[in-house]
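Chemist: Fit chain B to the given chain A structure using the hints.
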Amino acid sequence: MSKDKASVAERLKAKILPENRIFVRKNLAISEQVEALRKEKGWTQKELAQKLGKTESEVSRLLSGLHNLTLKSIAKLEAELGSDIIVTPLEACKKYTSIVYVPLKVYVPIQDTSKELEAEYVKESEAVYHKFLSKLVV
Amino acid sequence: MNIFVKIERLAGFQYRKVKYFSVRFEENEVNEFFDFLNRMEDEEDIADDLSNLLVWIEEIGENYGAIKSRFFRNESITTDVQALPPPQKQMEAIEILVENIRLYCMVANEHVVFLFNGGIKTTDDAKDCPNVGYYIKQANQLVRKIDELLKTKEISWNEYQTDIEFDEDLEFEL
Numbered sequence: 000m001s002k003d004k005a006s007v008a009e010r011l012k013a014k015i016l017p018e019n020r021i022f023v024r025k026n027l028a029i030s031e032q033v034e035a036l037r038k039e040k041g042w043t044q045k046e047l048a049q050k051l052g053k054t055e056s057e058v059s060r061l062l063s064g065l066h067n068l069t070l071k072s073i074a075k076l077e078a079e080l081g082s083d084i085i086v087t088p089l090e091a092c093k094k095y096t097s098i099v100y101v102p103l104k105v106y107v108p109i110q111d112t113s114k115e116l117e118a119e120y121v122k123e124s125e126a127v128y129h130k131f132l133s134k135l136v137v
Numbered sequence: 000m001n002i003f004v005k006i007e008r009l010a011g012f013q014y015r016k017v018k019y020f021s022v023r024f025e026e027n028e029v030n031e032f033f034d035f036l037n038r039m040e041d042e043e044d045i046a047d048d049l050s051n052l053l054v055w056i057e058e059i060g061e062n063y064g065a066i067k068s069r070f071f072r073n074e075s076i077t078t079d080v081q082a083l084p085p086p087q088k089q090m091e092a093i094e095i096l097v098e099n100i101r102l103y104c105m106v107a108n109e110h111v112v113f114l115f116n117g118g119i120k121t122t123d124d125a126k127d128c129p130n131v132g133y134y135i136k137q138a139n140q141l142v143r144k145i146d147e148l149l150k151t152k153e154i155s156w157n158e159y160q161t162d163i164e165f166d167e168d169l170e171f172e173l
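Same order as they appear, the protein sequences are chains A and B.
Using numbering that gives the first Met the number 0, the first residue of the first sequence is number 0, and each one after it goes up by one.
Using numbering that gives the first Met the number 0, the first residue of the second sequence is number 0, and each one after it goes up by one.
Next comes chain B alone, as it looks inside the complex:
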């Protein structure tokens, strides 16, 4: 069964150099990034790592910009091992790591980042992990859809490609 997904601008995460976004599934109360935060909130062992992650999101947003080659894990997390490498211009899901926490995202460019969901990794290979495996697959599907919307200009760039614009009713099927 397909579900409808809406893009949300993350109001408390709009910085000088990076604007952060997430997606919300129609049946959910909150977007995927907030769902991740809610699930992590009561995990006392990772409270410090979660705080570091939030500061990092702010620092990258305010002072550095989302430079893919430097701050984001330079490793593909495609779920299909048989798949050929994606063509040059195709976007990929990327992971942000803080110790065992994995947060999956899409770096559209240095100024626009989509934060999805994630969790605490419990296996060597994240793809096999019962906590995060599902979110890797989900992130890859979301990236493909958002990339399409950028190409068809249903999500459009502003003049200097520092932000995106889209209809607030825009939704897509996953």
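One chain only, chain A, in its complex shape:
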């Protein structure tokens, strides 16, 4: 019996395996990360290609989301961009998990001198808080 030509998309979609989805999603996520780092550096696509020793067309193919990227290619990209592109969950835990104490503004109206003390405390707390925020951004 011949196949129904009009329902080919449904048949092929039913054959998609979880690893196909993982492959494409991770591939596109890497492409997205490279694009963000490229923009952060202020490089054009041509400049990135030159730094990688490739043509623009080759880089375009590499980052299309469909190319089977090798770890070697990713390492080269990380080296040129000077930043991680992929981080494993364990690495991420080591890198980003730490206890951070965030100072809070506490108002304790006890004595006449309290206003002066409170102002001093708030000023100090805010400075620490901003320092903390700037670290978070980094």
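What the hints contain is simulated information worked out from the structure, not anything from laboratory work.
Among the hints, a few may not be true.
[Claimed, not checked] Listed below are the simulated SDA-like cross-link pairs for lysine to any residue, each with C-alpha atoms no more than 20 Å apart in a straight line:
#1 LYS14(A) to ASP48(B)
#2 LYS53(A) to LEU36(A)
#3 LYS67(B) to ARG37(A)
#4 LYS4(A) to LYS67(B)
#5 LYS2(A) to GLU26(B)
#6 LYS2(A) to GLU40(B)
Remember, it's a predicted structure, so these values are computed and weren't measured experimentally.
Modeler: Just chain B now, with coordinates in the frame of chain A:
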């Protein structure tokens, strides 16, 4: 001999960020994209690549948008090597590559993409390939016609240019 061509909205390929379309030649049972899928369906060696291609079409459609400079091959595939580069606003056929599979398309903007036909490339230069050379030429002809229809507003954009509208009887000669 000229043949009549109709534009088809690809029902299973309408996503949040991209709406996909194809074209159907009057004598054919299915549109060009489905013809491509039917011809590739029984090629066991490329089953995995074909699945990746379908996921990619969905991911670009749902989460990224059809950003020409990033996801589509940044290389002209015009067939006439003597031709001057097209003017800035003229559309060109573009190829989607998965290993040796080539699918030709037209990225009208980030939200509207026409998927045409293609095949498995067997030569270094796709234009010389007996499998895909014909489809490159065909894609370029289709792009020129669809571009004209967009300019004459027989195919019109919606308010935010996220979709197109056209008469269901609209057909053109190729």
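Chemist: Tell me, which hint numbers fail for this structure?
Modeler: Hint 4 contradicted; others consistent.
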